[in-house]
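Undergrad: Below, each chain spelled out in residue letters.
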Amino acid sequence: MTRQNKGRRLLALFGLAFMVCPFAAAQSLHIPPHQRFVLKNGLTVLLLEKRGVPLVDVFAMVKSGAAADPTGQEGLASVTASLLRKGTKTRTAQQFAAEFDYIGGTFEANAGAEFTDVSAEFLTKDLAKGLDLFSDALLHPTFPENETQKILAQGLDEVKAEKDEPQAVLRLYYNGYLYGANPFGHPPDGDELSLKRIQRDAVVKFYEGNYAPGNTILGIAGEFDATELRKKLEETFGAWPAKAVVNAPITAAVPSKGKRLLLIDKPDATQTYFAIGNIGTAVNDPDRVAIRVVNTIFGGRFTSELNEALRVESGYTYGAGSAFESRKTPGPFAIRSFTKNETTTPAIDLALQVLQKLHTNGVTAEQLASAKSYIKGQFPPSIETSQQLARRIVTDEFYGMSDDEVNQLEARVDAVTPEMAKQVIAKHFPLDNLVFVLIGKASAIRPAVKKYADKMDERAISDPGYWPPPSGASK
Amino acid sequence: MRKIRLCGIVSLLMCGFGICAAATRGQSQEFPVSARTLKNGMKVLVQPDRSIPNVALYIFYRIGSRNEHPGTTGLSHFFEHMMFNGAKKYGPGDLDKVMEANGGSNNAYTTQNVTVYQDWFPRSALPLIYDIEADRIRDLTFDPKKIASEREVVASERRLSVDNDNFGLLDEQLRATAFLAHPYQWPVVGWMSDIEHWTMEDLKHHFEMGYSPSNATMVVVGDVSAEEIFQLCEKYIEPIPSHTPPPPVTTVEPEQLGERRLVVHKPAELPILMIGYHVPQTNNPDFYALNILRSVLFQGESSRMYQRLVDKDQLALDVSSDVDSAFDPTLLVITAQPRQGVDPQACEKAIYEELEKLKGAPISDQELEKAKNARLVEFYHDMRTINGRANTIGTYEVFLGDYNKLFDAAKSYSGVTKEDVRRAARKYFGPNNRTIATLLPENEGKAKQ
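Keeping their order, the protein sequence lines are chains A and B. In terms of the numbering used here, the first sequence opens at residue 467 and continues consecutively. In terms of the numbering used here, the second sequence opens at residue 65 and continues consecutively.
Here chain A stands alone, though its shape is the one from the complex (with noise of 0.2 Å):
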């Protein structure tokens, strides 16, 4: 709630970016040393002993995400995850939340655009007991039939809930507009129409065709033995079956041509939010580095180029950045903001005239040896617990990236040059093709919007799915 909290930023707004990016680190720091293996069955394993408090993460990744759901089905990998928990071949749901509460640990299990990620957290005291409920969830679940339904029509409800949310559901409607049929354009949990066709049945066999150790990595971080822990992992986690998966690389992605805007009505609203960009990169482009000091100095951070204008200088904002989203093949790139109705043209003419300065301008050296500074001075922080540490690695190994992405990031952020600067511009911040996506009033801002794009889209936001229309949708 944000209630009490009115914070001066907004964190979570642009917090998503380099989540999954695997970049970055001071030279004093590194990644502490961890031991990976592979059990008989295929499943790999990775160990990071960390002391500090007596707490354990453990992070297990199945590579198969939203991007593996059947057209018409999407939000079956979501849908499996949130089962996962609610019957085990020895538990009821009740039993595994009873269970999993007393012990003070959580576990979630979320499935994201190219992964599902299952984690838990317990005390290093309750290890065993911990360890035991995760592989429980992880390799027994029975998917029993009321369970099913319980989940399906809660997740109807969380898509209406989540509309109330303009800002929740702007990335859902600009990731369809611009990838379109590609899966990443898929809604990770689904729509209004797609939960209803997903069945027991198909549940079961996304279980059965994706979730298996070839198909997962396991990472664990935290206070404990890891040659005591190894054994402990073989007996569980070694009992896994073997079997093949068939998993379909995903399709990379080609940028958008030319100017297209989707406007979603939401007749009540006082304030536009806006996406603009394109497709952006894929993890491990070469360019990766300077594309991340580029950005902090456009939309990276509080004094962004994006920020300056929209907050600071103009006050039509409470927050604007952007953001790349890398995943394996080519991820969104993003410019986002809002501002009251009044305002809409304004803020976004601002939004394009500092990128048509990006490109013509450049940036400065001050500039770059300031975005330099800060990367390196806010990295050690999102590797200092054993919760993100265990996500490191575990994603690392995923993208096949190697330890010198932390350990090697200094060197490489400082060896950034504003000649490399000028070429990442040109080459990765797009500028005449971009894709618009605009949640607002539609009545009021529709007639002044048009002028961004050759064609426009408009829905309700009360419409069924977000984009392409879905099949069975009233537009």
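These are calculated hints, taken from the structure and not from any lab test. A few of these clues could be false.
Unchecked claim - Facing chain B, a subset of chain A residues (Cβ under 7 Å, in silico):
1. 570
2. 626
3. 663
4. 734
5. 736
6. 769
7. 775
8. 777
9. 781
10. 784
11. 865
12. 869
13. 870
Unchecked claim - Stretches of chain A that chain B covers, calculated by requiring three or more beta carbons in the stretch to come under 8 Å of a beta carbon on chain B:
14. 558-565
15. 580-594
16. 675-683
17. 711-722
18. 799-807
19. 839-845
As the list claims (entries may be wrong) - SDA-like mimics (lysine to any residue), calculated; alpha carbons at most 20 Å apart, straight line:
20. 595(A) x 292(B)
21. 376(B) x 613(A)
22. 806(A) x 232(B)
23. 626(A) x 329(B)
24. 469(B) x 94(B)
25. 161(B) x 806(A)
26. 616(A) x 378(B)
27. 436(B) x 568(A)
28. 725(A) x 896(A)
29. 806(A) x 227(B)
30. 491(B) x 305(B)
31. 907(A) x 330(B)
32. 893(A) x 909(A)
33. 725(A) x 915(A)
34. 916(A) x 731(A)
35. 595(A) x 560(A)
36. 330(B) x 232(B)
37. 616(A) x 371(B)
38. 671(A) x 736(A)
39. 893(A) x 751(A)
40. 103(B) x 376(B)
Given the structure is predicted, the values throughout are model-derived calculations rather than measurements. No residue lacks a Cβ here, since even glycine has one placed at the ideal position from N, Cα and C.
For this one, chain A is given, so just place chain B on it according to the hints.
TA: Here is chain B on its own, set in the frame of chain A:
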């Protein structure tokens, strides 16, 4: 599937209470804190930790929206913004530019009770941060142009967090109804018409009232030694003169004598139900029993409310509770989002039934133990980062009067009995003590009238 709430990160910073506490092994030895009070009255708490080469610095000012008056509501929060907009040495925009160029970042938050400034930076920026903080505490400037543009920024923030956020909107209406006299009745962000009308004089007065060093507590956690922090404080902070602190808030909310109810009609996909009960301030002895009670009712999927409303009866998408850290008696707010097609009154009825059960049979040993275990995990969860520790140590110091209570929390929680929980339920969950706020999707609302 999880709902994305944009308030996620900010609320993490604020979870101080209801979330943190407890321990079994001598936690004050695990996380040793050094304390010193400067000559100007500012208390400084330092907790060295060299695990990363960074520092988290928090300054808690004991001033918030409870120190405001009708006509200038939201001033504390607006002032928080102005603290970044220029002082004598670091002019408008300089603070952020210099801090970020040296690897640092910052933020701040305002509540009904406090205004808190946060800096996160590599240890190399340590003297610079002190120079910046001293500059704005001593010599803040008020540029009319900055005031004008910042006013728009705050209006945008209000549109974001209240006007276009159904939960924010309903919560604002709930508090405005539950409190008749006490300043907790107005929103921290302020009413829009007040945001539009603050004057320069209002701002200057607020600075003089709230920003005396003696009205602040500084907490520093990270790659530092206590001695070097105390030396920096002596050089930069101690020379800043103290002045009169804010006058005490003397208004006492009169006892609520009967149920209050309000409805908000608004276009929405789903309704929202909030029920507020008056409960005591944070330093009241019932604090611990109420937290255990809330844990039994709301924490985790095995909690009573989740089992009843979300799982068994499938009346709500989620159900939760919230209590602010507060100097004065405050509200315990229960929030439920009814499922599509479910009458919010059905949720309300189920919630009352569960509350009634707590007044009858005592909770089980298992439930009590579970709540205490959850507290222990949360304690370590909060203490695992330098940022979490700075916020938690400061919150205990400011709201419970002594940071050491953080390390005694285990004892305090283990002292809570089943009977304490039942007594608290009986004392606070009466019908006369509650205010019910319901947001009805516009069409549905009209149909019912």
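Undergrad: Check the structure against each numbered hint from earlier and tell me which ones fail, lowest number first.
TA: When the structure is compared with the hints, numbers 3, 7, 11, 12, 13, 16, 17, 20, 25, 30, 32, 38, 40 turn out to be violated.
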